[in-house]
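*Asks:* Residues per chain, in single letters:
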Amino acid sequence: MKEAIKMKKVLAVFICIALIFPALNSLFAKAESVADKALEIANDVINWKKTDVGSDEGGFLLNNSLLELAGSTAGDWYPIGLSRLGKDDNFGGYLAVLKDNVEARYKEQGKLSSAKATEWHRIALAVLAAGGDPTNFGLDESGKPIDLIADGTFDRGKTTSLGRQGINGWIWGLIALDSKWYEIPESAYYTREDIIKEILRQQLSDGGFALSGRNADPDITAMVLQALSPYYNSEKRYSYTLKSTGKEVEKTVREAVDEAVECLSELQLGTGDFKSWGTENVESTDQVLVALCCLGVDPLNDERFIKNGNTLLDGILKYKMSDGGFAHSFTFDPENPAAVPNSSNSMAGEQTLYTMAALWRFENDMRALYDFRPEQSGALKERISLLETGISEITEATSGEKLTELLTAFYSLPENERSYVDGYWALSDMAKEKGIDIEQIAENTVVETFEENDGETEDVIFSESDKRAAEALPQKLTTEQYVTVTALLDKLERSKDFEGKARYLEKLSRAKAEIASVQSEIDSINSEILDKLYPYDNITLADKKTVDEIYARYEALSEYDRAKITGSDDLVKTKTKLDDIFRGIIIALVLGVVAILAAVFLCIRIRKRRRKKEREMEELAEMYKDE
Amino acid sequence: MKKDILAILGIILIIAVIINGTEIQSVDEYYLTHIDDITPESETVFITIRCDTILDNLDALDDNLREFVPPDGVILPKTEYVLRNGDTVFDILDRAVRYNKIQMEYQGAKLNSFGSVYIQGINFLYEFSCGPLSGWMYRVDGEFPNYGCSKYELKDGQSIEWIYTCDLGQDVGAEWFNNLGGQNK
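Protein chains in written order, with the working numbering: chain A, 1 to 627; chain B, 1 to 185.
Calculated from the structure, these hints are not laboratory results.
Here a beta-carbon is modelled for each residue, glycine too, at the ideal position from N, C-alpha and C.
Each statement offered as a hint is correct.
Using 30 Å as the maximum straight-line C-alpha spacing, the simulated BS3-like pairs for lysine-lysine come out as follows:
{"hint": "1", "chain 1": "A", "residue 1": "613", "chain 2": "B", "residue 2": "2"}
{"hint": "2", "chain 1": "A", "residue 1": "564", "chain 2": "A", "residue 2": "111"}
{"hint": "3", "chain 1": "A", "residue 1": "532", "chain 2": "B", "residue 2": "78"}
Covered stretches of chain B, going by a simulated chain A footprint (3 or more residues, C-beta under 8 Å):
{"hint": "4", "region": "8-19"}
{"hint": "5", "region": "25-34"}
Far from chain B, some chain A residues (derived; all Cβ distances over 12 Å):
{"hint": "6", "residue": "259"}
{"hint": "7", "residue": "463"}
{"hint": "8", "residue": "510"}
Generate coordinates for the entire structure from the input sequences, incorporating the hints supplied.
*Replies:* Rendered as C-alpha cells:
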C-alpha cells in the first residue's frame, strides 16, 4: 500500500501539469484511461451476454430469459455487475422474479439451502444491486417479512453453522453483513468478531487461504481479502487458535491481510494471471483484482502485482474472446471435446463484469464493489482526501503533534468510513514508533457525522407499454409467461394509481394464479412419473389406467410446459408398450371370437351334413323298404 | 368337405397365432419400447453409485441421514445400461436412478455458471451432508474429469462411478488434487 501513496502523488503531479499545459492533455487522458478501459471491457461482456440471452444491443440484458435465472448462481451476478457499473437495466423485473423465487423457496425445508448460507449472501447482494431491501424481501409462509441478512448471516447459526459449506460461508456472510453495515442485534447468534475470527483462524502458513489443504488458493485468498478489507484500518487485535497448526495467535486484520497480499503476489504468474486447482484461469485473476480494489491498493500500478511487465488486467485480457466474452481457461482435453475450454463462458463473463465494476469504481473514487451504502458526500470525501495527503507527507521527521493531529482527524471519521483512508497504516506505524497512544486518541476523539448522500426514490409508473404487454397475454397461459406476469404485477403493485389500475390488478393476479396452477400441475406430473413408471419391466396392463391418465395430463400441457416434464420419453415409451399389449389382447380376443364362430359354424355344418346324410339314409331305407 | 378342412386349418392358425402372442408393433414402436434392451450388438456402459467414504466419517454425518447410508456403502451395484446416441454421464445416472427408484436432486445446466448439470444429492445424501468438503464426484474408467457430468459424452464399454467424497476428492484418490502446479511448493 506504500505504492498506492506513491502513485497518488504521481497522479497529482500529472493532473497539475495537465491543468497548466493543455497541450499535455494527452498525458491526462492516459492517466484517466483505466476507468474507460474497464468500462469498455465491461460493455463488451454485456453485449456478449445480451447475444447469449437473445437480447439485442439496445435492449435490456435482464430480459425474460435472464430473469428466469433469478435466484441462481447463473443469474444473480449479472444485476450485481450491471448496477455497480451504474448501468440502467430491468432491475425492477429482476427484483420481482427474485422475490417470487425467494418466497417459494422459503416454503421448502431448509429454505434457500440446507447447507449453503452463500445462497442468502449472493441473493442479498443481488437484491441490493437491483434496488431492493434484503432485510425485508417478501413474506414467509406465516406472513412475516423475510430478512435475508439475519437468516443468512448473524442468525444463521440458529439453523446450522454459517461455515457448514466451509470458509466460503464465513467470507460471504461477512461481505453480506457489511454490504450496508447492518447492525447486529443483541439476540444474534454470531457477532462480527465471531465471523472475523473464524476467517482469520483458517489462515495457512503461506499466508493464504483455501477450501482445504495446506496451500493457498488464489480465489479463496482474494475473497478473504474482499471480506476483511473494511477492517484493514482497525487497530483491534484478535486472539484465535490457528486451525492448521493449533497455535494461539494474536493479530490485527491488517497483519493477516498483509501476509495474504504477499502470498497472492507470489502466486501471480509471469503472464499476470493465476492458477487455481492446477489450471490457469481468468476468474482467479478477477478475484485478486477485486480484492486489491477493495483494499485501496492500486491494482495496476502496485509493483507486487506486475510480473514481466504484465498487470492483472493483462492477465485477464489474455482470456478475452473475439465475441467480447471471456473464456475460463485454455486447457483443452482431447479426450472430451464436448467440454469446450476456449470459448466464452458464463462464469468467466460474470466475474470479469463485476471485476471491471470494481476497477471502474476504484478509479472513480467510489465505494467498494460490495459496499452498497450511498456514495460518500462531497464533504466526507474531501476530509478523507485531505487526511490522505497529510499521511502521504509523513517522514521520520514528522512531529508527534502532527501525527496526533492526523490521528485525531482519522478517528473523527465515522468508524465504518475509516477503511476508505488509504495509507493509514503508515500513520499508525509511525505513531507506534514514536510511542503515541493511538487507543487513547481514538477514545478521546469525538466522531463527526456526515450527511448521507441518499438518492430519492422515484415514483413507479405503469407505462403504456406495460399496459400493452398485459393486454397481449395469451388466453391460455403457460409457464412461459411466468416472468412477464410476475414482473408486471410487481410493478403494478408499486405503481402510482391510475384509471383502470384495479382492472389490471385483477387480470394480472388471475394470470399469476393460473400460471402457478400450471406449474404445480407440471410438478405433480413429474413426481407421478417418478413414482409410477419405474421399474419399467414391472409395468403391466394393470398400470394402463394410471399411465393413460398421466399421459392425458401431459398432453393437455402446452408445448412449452411439456418440455419441463422430465422423463417424458419414458412416459411415451411406457404408454406405447401398454398400448401394444392392449392392442394385442384386443386382436387375440377378436381372433378368438372368429375362431369360435368358425368352430361353431363348422359344427353346425357337420351336424347338418350328418343329419342330411341320416335323412338320405332314411329316405333310402324308405325307398328300399318295400323290396 | 374342402370348406371344412379350410375352416379347421383357419382355426388351428388362429390358435397358433394367439398362443404365439398377438403383440404386433410397427418398427418405430419396437425401437421405442426396446431401446434399453441389451443385445449382443448393443453398445453399453456401466454405472456404480457408492458412498463408502461416509462409513469412515459417520460422526460428521447428519444424524437423520444415517438411514440412507447402506451398510456396505453401495447405493447401486455395477449395472449395465444401453448407451444411446449422445448419452452423457448425466443421462446414464438419470436413467439409473429412475429405473431403480433412487432419489436424486440436481441443478440444471442453465442454473449455474458451469453450464453443466450439477448433482446436489443422491439417495438423500447431499453436498455438505458429511462435512464442508463433502459431495458427489464421478469418474469414468478411473479418471476424474474436471468438468460437468452433462458435458461428458460416453463411449461404448466405459465405466462410470459416482462416489461420495468427504474430503474434496482426496479420500477417493482424485489425482488432480495432488497435482496443483504453482500451489504445491
